[in-house]
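Undergrad: Fit chain B to the supplied structure of chain A, relying on the hints for placement.
As they're listed, the protein sequences go chains A and B.
As numbered in my numbering, residues 1 to 467 make up the first sequence, in order.
As numbered in my numbering, residues 1001 to 1261 make up the second sequence, in order.
Just so you know, the hints here were simulated from the structure itself, not pulled from any lab data.
Below are the BS3-like pairs computed for lysine-lysine, each with C-alpha atoms no more than 25 Å apart in a straight line: (1) B/K1244 to A/K222; (2) A/K466 to B/K1225; (3) A/K462 to A/K401; (4) B/K1102 to A/K290; (5) A/K424 to A/K139; (6) B/K1244 to A/K433; (7) B/K1233 to B/K1244.
Keep in mind the model is a prediction, meaning the values are calculated, not measured.
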Amino acid sequence: MATASSISLKTFTGLRQNTAEKPHFAAAAAVPAARRPAARQFRVLAAKTSPKLANRNLRVAVIGGGPAGGAAAEALAKGGVETFLIERKLDNAKPCGGAIPLCMVGEFDLPLDIIDRRVTKMKMISPSNVAVDIGRTLKPHEYIGMVRREVLDAYLRERAAKNGATVINGLFLKMDMPEDKNAPYRLHFSEYSGMKGGVGEKRTLEVDAVIGADGANSRVAKSIGAGDYEYAIAFQERIKIPEDKMVYYENLAEMYVGDDVSPDFYGWVFPKCDHVAVGTGTVTHKGDIKKFQLATRNRAKDKILGGKIIRVEAHPIPEHPRPRRLSGRVALVGDAAGYVTKCSGEGIYFAAKSGRMCAEAIVEGSEQGKRMVEESDLRKYLEKWDKTYWPTYKVLDVLQKVFYRSNPAREAFVEMCADEYVQKMTFDSYLYKTVVPGNPLDDLKLAVNTIGSLVRANALRKEMQKL
Amino acid sequence: MSISMALFSPPAPNLRTLLSSPRSLPKPRLTLKPSPSLMPKAPAFFAVSASSDNGAGAVPSSAVAVEEQGEPKVAVEPAKEPERENGSVASAPEEGAVAVAKFNDSRWVGGTWNLKQFQKDGSTDWDAVIDAEVRRRKWLEDNPESSSNDDPVVFDTSIIPWWAWMKRFHLPEAELLNGRAAMIGFFMAYLVDSLTGVGLVDQMGNFFCKTLLFIAVVGVLVIRKNEDVETIKKLIEETTFYDKQWQATWQDDNSGSSKNG
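Just chain A, with the same shape it has in the complex:
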């Protein structure tokens, strides 16, 4: 039995405390519990009052090894926390649009060879096929990166492992809640290591905190009773098109809007490594998704003529955060929490960022893994997240409500996108994830033009109804 004094190092630990090989509940319980104030306040309590961990570091499990899980595990491991990353399928190619903003490359130090394509032009196509090119205002170094999820996810997980996280190939089953205040969570999972096609061995793991990064159908969320959210269905077909047609999509992505394509979202053609992904999505009319997909293909018909469908995939996209994103020492991040923006349906960057933010809150609350964390430490992550990104989410929600409402609204939307100021604002806020106020005079002009476009389009629509 390893004693406290024996050293079991997995990697170079440096300033990290030594951890006993089999951390046991008894070790944690031996620590005299520093009594915290009985009355729990909502406002965040200082971590100084939580018990110091003797003989071991804080143990945290990250369930799910996508961008959120990988980023969280890396930040935890770097911060001196003993991290376990549990992922059920290490070569999973998650169905996804695959677009990442420019800031993600810098913030997460992504190597440039992860990016298959740099999209520098986008084409918005209205219901009456008015096509507008946006991207004129992009500087030469700016682009939207298209990645393959299997490549990105694997890279982030490997980096987490390099920093000291333990990557476990297993499927999370359920979680036992702690018996008292500083008791660990007991996780039950099936480990698949070594066995190909096997059912997996049932294992348990005791940890002090859990980060649920297991996606839209999160089991961690179910375990803590986080509640449900509305979600959209995104349906996508990967189509291999002839070389000469692929040239057109070299660095261009298309967005089709219209009632035929989707009543509340958009249809897209995104270039991937050597094929295009044609898809659409909807929240309110999920049953008609095949019809919408056919319409999307029809609208892009000329440009994807002669293509072969190589894959069909679908996945849910959360529309808003779950009612509870945090319970005890369990926090949700990424799609599991519901951090997908409206209007564009962007999720990868926010998943990774929230994973990192949550992990950093845990590291800070536990003082580099020396102390036990409590719910208030994790609440700090929620506060920071809501404060930083709430404007972004709200603006995109307003845009979706105004411009995806009806065909006239979409026509106005595409008309507005032809304006250079709009393009600049859109790309700046997308690529750098900040809502930039911009020049007030230009904003006023923009507001007037928007109203004008909406009024004109709606007037035409009223005439159309008379026909």
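TA: Just chain B now, with coordinates in the frame of chain A:
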């Protein structure tokens, strides 16, 4: 699996055939050749076949209305047309994606409306431009077309000057609303006067009456149809709904904290 679209060959050069319904042509061969001699007879065919439309329903009916002016002509991909019987309705080809009719109008040139063809008394007839665009959008709503790189649509509604929009859409509506406001105003002023004896000029000096006036004006502006009341209630709820969803996690922290460590 290959896309069924591979079956679609690029459209053959648009031929000027009769307005939309090929099934009304008397001789099958004529689908491939322009046949101006049949033009005068066209209205009769449409009267016959209009009732049995199934696919491109909207266009033939509107086409009948404007056929006298000889405006929109819809080209049909001739390669896909099977033989036609005299005056019979061929339903099969119109269904599915086989017979795809593209929007075609002599004044729609290069992806936009050619304003020179809308001249009336020396200046552009903007009303006709608006009508043409309305018809185009209606057509496309019923028959969505593939967007093409070869002839992109570049029409922008802002080329139609603001006064044309005002004259056509704003002024009739304004007349309506002003009429309503005037009727309400006159009646309410009379009622208040008969009940309280306060004349019109004195009413305008009273704060309560001014408030009522404000409510009446706003009401006339905002509630134009019966459905608007419901719409406004829904809009108000909508503006705060997303915020509520985000705040949800902060609502029940008291109940959650006592359970777990």
